[in-house]
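> The chain contents come next:
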Amino acid sequence: MNQREVIIIGSGPAGLSAAGILLRAGAHVAMFERSPLIGGQLIKQTHKFFGSQKQYAKTRGYDIAKKLYRDIEAYQDHFELHLEATVVAIYPDRVISVYRQGVYQKYQAQAIIIATGASERLLSFPNNDLPGIYGAGAVQTLMNLYGVLPGKNAVMVGSGNIGLIVSYQMMQAGVNVKAVLEAAPNIGGYKVHASKLRRLGVPIMTQTTVKRAIGMTAIEAIETIRLDEKWQPIEDTETTIPIDTLCISVGLTPMHQLLSMAGAEMRYISELGGCVPHMSSAHETSIRNIFACGDVTGIEEASSAIVEGQFIGLIVSERLGYALEGYHLLKHECTTELGILRCGPFGEKIRLGQQKLKGGSSCSND
Amino acid sequence: MNKEPNIICRCEDVTVEQVRELLQKGYTHFEDLKRQLRVGMGPCQGQNCQEMIRREIATFLGVSIEDVPTHTVRPLIIGVPLEAIKAAKKR
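So the sequence lines, in the order shown, correspond to chains A and B.
To convert, take the position in the first sequence, counting from 1, and add 5; that gives the numbering used here.
To convert, take the position in the second sequence, counting from 1, and add 1; that gives the numbering used here.
Some hints here could point you the wrong way.
Okay, the calculated beta carbon distance ranges per label pair [said to hold, decoys possible]:
| hint | chain 1 | residue 1 | chain 2 | residue 2 | range |
| --- | --- | --- | --- | --- | --- |
| 1 | B | F61 | A | H52 | 53 to 59 Å |
| 2 | B | K4 | A | G206 | 33 to 39 Å |
| 3 | A | M221 | B | V64 | 48 to 54 Å |
| 4 | A | K72 | B | L83 | 38 to 44 Å |
| 5 | A | Y96 | B | L83 | 17 to 23 Å |
| 6 | A | K196 | B | E84 | 39 to 45 Å |
To give an idea of the interface, some chain B residues facing chain A are shown, with a C-beta separation under 7 Å as derived from the structure [stated by the list, open to error]:
| hint | residue |
| --- | --- |
| 7 | I8 |
| 8 | I9 |
| 9 | T29 |
| 10 | E32 |
| 11 | G43 |
| 12 | A59 |
| 13 | L62 |
| 14 | G63 |
| 15 | V64 |
| 16 | E67 |
| 17 | L83 |
| 18 | I86 |
If you are wondering where the hints come from, they were derived from the structure by calculation, not from laboratory data.
From a predicted model like this one, the values you see are computed outputs, not experimental measurements.
No residue lacks a Cβ here, since even glycine has one placed at the ideal position from N, Cα and C.
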């Protein structure tokens, strides 16, 4: 068995930030990343971030990934990076097994940080298996990472920030976004993103959803339908929109599998996006020395994931005897910043979810 | 298969109708549906279908989705050739 000091699973904003602190404190870190690129979802985020300077406001997502990685690069003798390496199993004695390019290997660590992020939610409707139906994240990957257009005429389902940003990016790339559909009575994302789309003439249709997709070998059109206050479809309100691309952006759900598999106590919290681990105030799961941070603990913005990662980096470094100078102050700063990030109206869901997590329903794994 | 399939589990090509039919028969736990339909047993191991299937169960039972237990997550998360595991054992 390969022994390591700290293992971090996932190289997104949470994992990278945790690694940065741990390395600065003097710990040895092994990081495992499923994809060939480091940075998680940041690598396809070409838009500039909002918020405070401290969380890289006005910086583009992929540049944030570069900056976070630069903080780590200096510690090459303490840091081990495994790309295209999928952690396929985890056990409560802090053993993981990894599958990487045909090789299966086991590692054991003194502490494990699970920062696996989230996956996209899907929708069920007739013909939802036709080619040309994408998740918004897939469209972002195609366009921003590989420079491939998803199609010519598109409709976006979902007006959260991802739906709005990806719609705008499609317009910038030359895709005609015919409409953004939103089942709720109000637009989900920030007004500034919605206004940018409206200025380009893209209608945002609230209380409207996709009824079915139409097409033989690929999507050719969709039928939309209006919803009433109780989210029930209103008859005879169908409209057909010819398109070749349907983009689905109806939220994210935590990639909880490793946590569930390890046997950590899990809860299902709607406000946090799905199954999340029950954690101590130190973000330790119910299994000693297994920690979690970022979207896997509840869906939020990358800025929160960065601060959470730093916080856990501090906790784990102290646990292993590498307390950084000014440890308590740094920890306090992280807590304060998370509080600020979650204080506005958009943080309400997170605040509610975290409260529920303390006493919510169990999402058993037996 | 239906002319306009409404797929709820993309890995195993399971439709919403198939799930609803089994719910009617009393298979109202994810684990029951998994054994009958293989939902959650494909490459994504339930990460994609889990939410939608639990929503179906919740609607059918008239409960909140928060009260619907999820499926058991077992190793391994993705397919690993037995050969690779055998080679690891030898090392």
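> Please go over all the hints and tell whether each is borne out by the structure.
Cross-check of the supplied hints:
1. B/F61 - A/H52: 53 to 59 Å: Because 40 Å falls outside the window, the suggested range is violated.
2. B/K4 - A/G206: 33 to 39 Å: About 36 Å separates the Cβ atoms of B/K4 and A/G206, which means 33 to 39 Å holds.
3. A/M221 - B/V64: 48 to 54 Å: 39 Å, violated
4. A/K72 - B/L83: 38 to 44 Å: 42 Å, holds
5. A/Y96 - B/L83: 17 to 23 Å: Given a distance of about 20 Å, which is inside 17 to 23 Å, the answer is holds.
6. A/K196 - B/E84: 39 to 45 Å: 55 Å, violated
7. I8: 5 Å, holds
8. I9: 5 Å, holds
9. T29: 15 Å, violated
10. E32: 10 Å, violated
11. G43: Cβ of B/G43 sits 13 Å from chain A, so the hint is violated.
12. A59: Constraint on B/A59 not satisfied, violated at 10 Å.
13. L62: Not OK, violated: B/L62 not within 7 Å of chain A, min 14 Å.
14. G63: 15 Å, violated
15. V64: 10 Å, violated
16. E67: 5 Å, holds
17. L83: 10 Å, violated
18. I86: Nearest chain A Cβ about 5 Å off; hint holds.
Checked against the numbered hints given earlier, this structure breaks hints 1, 3, 6, 9, 10, 11, 12, 13, 14, 15 and 17; the rest are met.
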